[in-house]
Every structure is written in C-alpha cells, then in structure tokens.
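Got chain A; can you put chain B on it based on the hints?
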Amino acid sequence: MSTAVEDIKKIAPNATKQVFKTMQMNIGPQHPATHGTLRLKCEVDGEIVVKVEPEIGFLHTGFEKLGEYRNYNQFVVISDRMNYLSPLNNNIGFAIACEELFNVTVPTRGQYIRVIMAELSRIADHVVSVGLQGMDLGAFSVMLWTFIEREKLYDIFESVTGARLTTSWTRVGGVFRDVPADFPELVNGFLAKFPAVVDEIEYMLNKNKIFMDRTIGVGAVSKEDAISFGVTGPLLRASGVAYDIRKAKPYLCYNELNFDVPTRIEGDVYARYQVRLAEMRESIKIVRQALEKLPGGGANTEKLPVNSVNHKVALPTKDMVYHDMESLIHHFKITMPGHGLIPPKGEVYSSTETPNGELGFYLVSDGTGLPYRVRIRPPSYYNYATFPQQAAGRLISDAVACMASINVIAGELDR
Amino acid sequence: MPIDFPALLKTVKDRFGDDVLGSAEFRGQHTLRIKHTANLKVLKFLRDDPAAKFEMLTDVTCVDSLRLPSDMTKDYPERFAVVYQLTSLEHGSRLRVKAYVPEEPCEIDSAAGLWKAANWGEREAFDMFGVIFRGHPDLKRILMPDNYEGHPLRKDYPLKGRGERDNFPKYQEIPRN
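Taken in sequence, the protein lines are chains A and B.
Residue numbers 1 to 415, in our numbering, belong to the letters of the first sequence in order.
Residue numbers 1001 to 1177, in our numbering, belong to the letters of the second sequence in order.
Just chain A, with the same shape it has in the complex (with noise of 0.2 Å):
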C-alpha cells in the first residue's frame, strides 16, 4: 500500500525538496472535524501529514476523583456524562460492576430489561457515529436521516428512563422503575421501519464512489497492533479479531440470545463503517429475541420482580415500604448516609462491550459507604491512541476520516 508521500513523488518526481519542507499546523480544539475538544498538533508537508499528536484533556472533569467521595448509587449520575452517546451503556457497565462486588444477582425481567435497553442504545450510538462519519466526508443528509432515528430511540428512552440524555437509569441491583405497559408496541413500532433505514444508509454510502475512494484502505490497523494497542469494540472487530465481551465473557442474559459477531478483515476506515452497520442489524436481531422472551411481558400482570429482592442493596418497591416495617428499615438504611449499601472489602475490575468498546470498572472498596477507588477504563482512550499511526502520512482529510471512525467521545475520553 503506498502512502501519499510516495504518490505525489509519483505524480511529480521533480519535485524540489523545498515542496517537502514541513510545518506545524493546530487543528482544534474549535474545529468541527474534531468534535468539539479535541486538539492535533500536526507536523503537514503540504497536505500531508508526517506526525500528529492528539492533545487531550479539555473535557477533564475528575469523575475518577469524584467517584471517590460519592456512594455507589450517586455515581450512575456522573456515569451519564461519559459517554453521552450511549448513557445507558455507562449506567448498566456501572451497575454490573457495583453488583459483582457486592454479590448480588439481577432478577431474569431485570436483566432481559436491561439487554433491551442497552442494544437500542447501542443502535443510537452506532447510528449516529455512521451519520456523523459521513457527514465527516461530505455526506450530509445520511446524518440527517440518523438522527431521525435517535430522535425515535431517545423517545422511547424518555418514556422508560424519563430522560433523553441524562438517563441515570439503574441502581445498584436493579433499575429504578420498572417500563411501561406499552414498552413491547414502542420498540416493536421502532424496529418495524429501522431495518429499512440501515438498508438505505447502506444504498447511499456503501457503493458510494467518493465515500469509497476516501475510505478504502484509509486508517488501517493490523491485527497485531490492535491487540498490542488495547483497541476494542467496532475498530478491533474491524481488524480481524471476533473478539466482544457478550460472547467471550457473557453477562446479564446474552447467553440466552442468539446473534453473530460481525467482523472484518482490512481494519481500514470502510470496515469500521461496515462493521457498525452490521453491528446494528445484529442488535436489530438481539432486542427482537429479548422482547419475545421477556418474562411477564410488557405489563407485567405477574408482578415479576425487576430489581434484586437482597433488600440490603435494592430498595424495596414502595407498597412493600408503606406496609411492611423490615422493608421500611431496609429503604431506611440503604437511603442515609454512613448505614447501608456497604460492599464487603475487596476489589472487582468489571467490563462490558459497549458501543465503541470495552467500558471496565475497577473498583476497589475499603468497606465503607464509598468507594475507595473508582477507575474507568474508557474504550475511547485506549482507541484514540492508535490515531497517530493511522494518520500519519496521509492527508489531512484522511485524518477527518480516521478520527470520525474512532468515534472518540470527549466525555469518555477524558473524564
């Protein structure tokens, strides 16, 4: 595979060295390419990037330090605003790791709700990192049409989790309400005219020839520096390796679904792109699987329980609160401050796949009320790392092209 350098000498071998001299050049944190707080210092020659260095840090917000001085519940709120693409990814990763260390189990509704909630929001996230990626190369209505659909999607995340963004939806042990009675009609209405619109995301850009031509073999990572890189999610799946945390490590119910991991081989920016839209059907496939199996149904007639019945880390529901004295200690204890909701001492590092990669929790307890240390293994971070590499000695529009298929979000990204 040739590099641009070497086309150009092609194009003009008589090229003085003077056309080769470098020079620096900032893009960012302001420019729209970047996404909002991104910076690279680029060394250019000509069009032609000879070394990037992305500088990161703009979006810091200290949620790691944070986390230490709020209990374990407090932090599904400062979860949210990691990855804003896809809270629900955040709350859920966060909730499966308070729950392995604290030993508790889910309740089969609780999980089947949660694998529903997380593949939409994996579908919100995937959709709008296609749209944006072609809007990075000129295509603009296909970003138009995606948010269409997360605008559908965060409707029905409003009705569920009464909130389109900041959703804070689960607890420790659980979720916070169970979803409503026509939860099964919305995501069934959704998935009735989704399908369609993958397919023509796929009709507008996949044989597109300027999407094509800036794609192919733009930003390719081989298999062995992907795995030497820690890259994860949609990028190492795009490398050739089938490697995803729901089948290699299952948690809540994927065990019980049936779908495929979908992979590619080039690890060039164009696999990125084809691994998400497939990424998307098979999700398509897993909610449909979840929501004909979900126990008690939409409404919930039997009043299967949703959250875990350990009281001494779920709350209870209400009416058990109103009529029952331990169930009225228990809210008691897990709601003030210095009494309940104590983890035993130990340390859990707890990972799920969300939608740009694996999201892992490292926490470790003292055996008080809060955590002693909360690290977020963010799957931006160690993704964005490989962005130098891609870049360098391509042009800069590669580079747009590089870094719009990371899909690398600030908030995860910096913390």
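There may be inaccurate statements among the hints.
Calculated lysine to aspartate or glutamate pairs in the DMTMM-like style (CA-CA distance at most 25 Å, straight line) [as the list claims (entries may be wrong)]: (1) Lys333(A) to Asp319(A); (2) Lys65(A) to Asp1166(B); (3) Lys303(A) to Asp319(A); (4) Lys1160(B) to Glu224(A); (5) Lys293(A) to Asp260(A); (6) Lys345(A) to Asp1156(B); (7) Lys249(A) to Glu1025(B); (8) Lys1044(B) to Asp260(A); (9) Lys41(A) to Asp1075(B); (10) Lys247(A) to Asp1156(B); (11) Lys65(A) to Asp1048(B); (12) Lys65(A) to Asp1156(B); (13) Lys247(A) to Glu266(A); (14) Lys1041(B) to Glu224(A); (15) Lys345(A) to Asp1071(B); (16) Lys1155(B) to Glu1078(B); (17) Lys65(A) to Glu1055(B); (18) Lys345(A) to Glu1025(B); (19) Lys247(A) to Glu1055(B); (20) Lys65(A) to Glu1173(B); (21) Lys1035(B) to Glu1078(B); (22) Lys1140(B) to Glu53(A); (23) Lys249(A) to Glu1107(B); (24) Lys51(A) to Asp1138(B); (25) Lys1170(B) to Glu1149(B); (26) Lys41(A) to Glu1173(B); (27) Lys65(A) to Glu1090(B); (28) Lys65(A) to Glu1107(B); (29) Lys51(A) to Asp1146(B); (30) Lys223(A) to Asp1048(B); (31) Lys41(A) to Asp1138(B); (32) Lys1044(B) to Asp319(A); (33) Lys1155(B) to Asp260(A); (34) Lys293(A) to Glu266(A); (35) Lys65(A) to Asp1004(B); (36) Lys1041(B) to Asp225(A).
Treat the hints as calculated values from the structure; they're not laboratory data.
Chain B alone, transformed into the frame defined by chain A:
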C-alpha cells in the same frame, strides 16, 4: 479454554521466587502481587507463555494506599500499586497484576515496550499519581495542563483542589502595535 489459574500462579511463583509477593482471589478474579523491580520480566512471561498468553493489556492504572484502613494496608507493602489488567483473547481470561511502588523514589519500569497500550495508560498514571515510568517514550501529562502542579488522584490531594481555579492565569489581550 479458560486458564488454570492455580497452576499458572504456581508456575510464576516457582519461576520468579521472591519477586512474587503472593496472589489473591476475590469474586473469581485473580490478582498477582509482585515487586516493582520485577514487573517487566513477569509481564513479559505472562504475555509470551503459551499457558497464559495475555496478549492484550487492557488497562494500566494506579492505587494510592495512603488512606486505606489498617487491616487492608498489609496488602500494600509500599504506598502505590501500579495495576495492570491483562486479557487473554485466546483463553478468554483476565488477570490483574499489581506492582508496588514506594513513595520515594516513585519509579517503575515502563511496559511500553511490551504493549503499545501502555504508552497512554502509563502517561495517565503518571499524570494522576506521579509515578515515573522509566524508559517511557514520551512521559508527560496527558489530561491535566502541562503547567499543572501536583497529582490529583493522590489521596492527599483535596477534592476541591489547591486553589488552581482562583490562581488560573488569566487571558491577557496582546496590545496592538
């Protein structure tokens, strides 16, 4: 096939002797505790040994044991613990390796030569805890500004900072002409 952890940990202990301080298990997760001087050879063994094959470094971070309760500090012979989360894609298993770093000199060898992921991971650990990784290709702050003093995730660093917000250098307009 999942890794047989008791056998693997025994191999590591036999091979590295006194450099291995012990191992722990909690909630089915295994931790290997080592001396900071031996981190590179143990990590290299864990990466390359066919029975382990931890080819992916998922995360590098650090824990400051300054405010731990007394019954937990016995697990921390030194103040800081650099924590490596290793993942074996082939076996589908994870292992946590903790290397204990003293407060003075707060130095450990960099694993950037073993895994490229260590580059940014160690930069963040340096930024937040002030642990110096010897032999790191580009050890400088990554999240905090370059002129920042102190290491925010150390336990003796207050939550509200040390007045950095009040003493923030103000933007000064460059006079024309």
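- Item | Violations among the numbered hints, reported as their numbers in ascending order | 4, 8, 9, 10, 11, 17, 20, 23, 27, 32, 33, 34, 35
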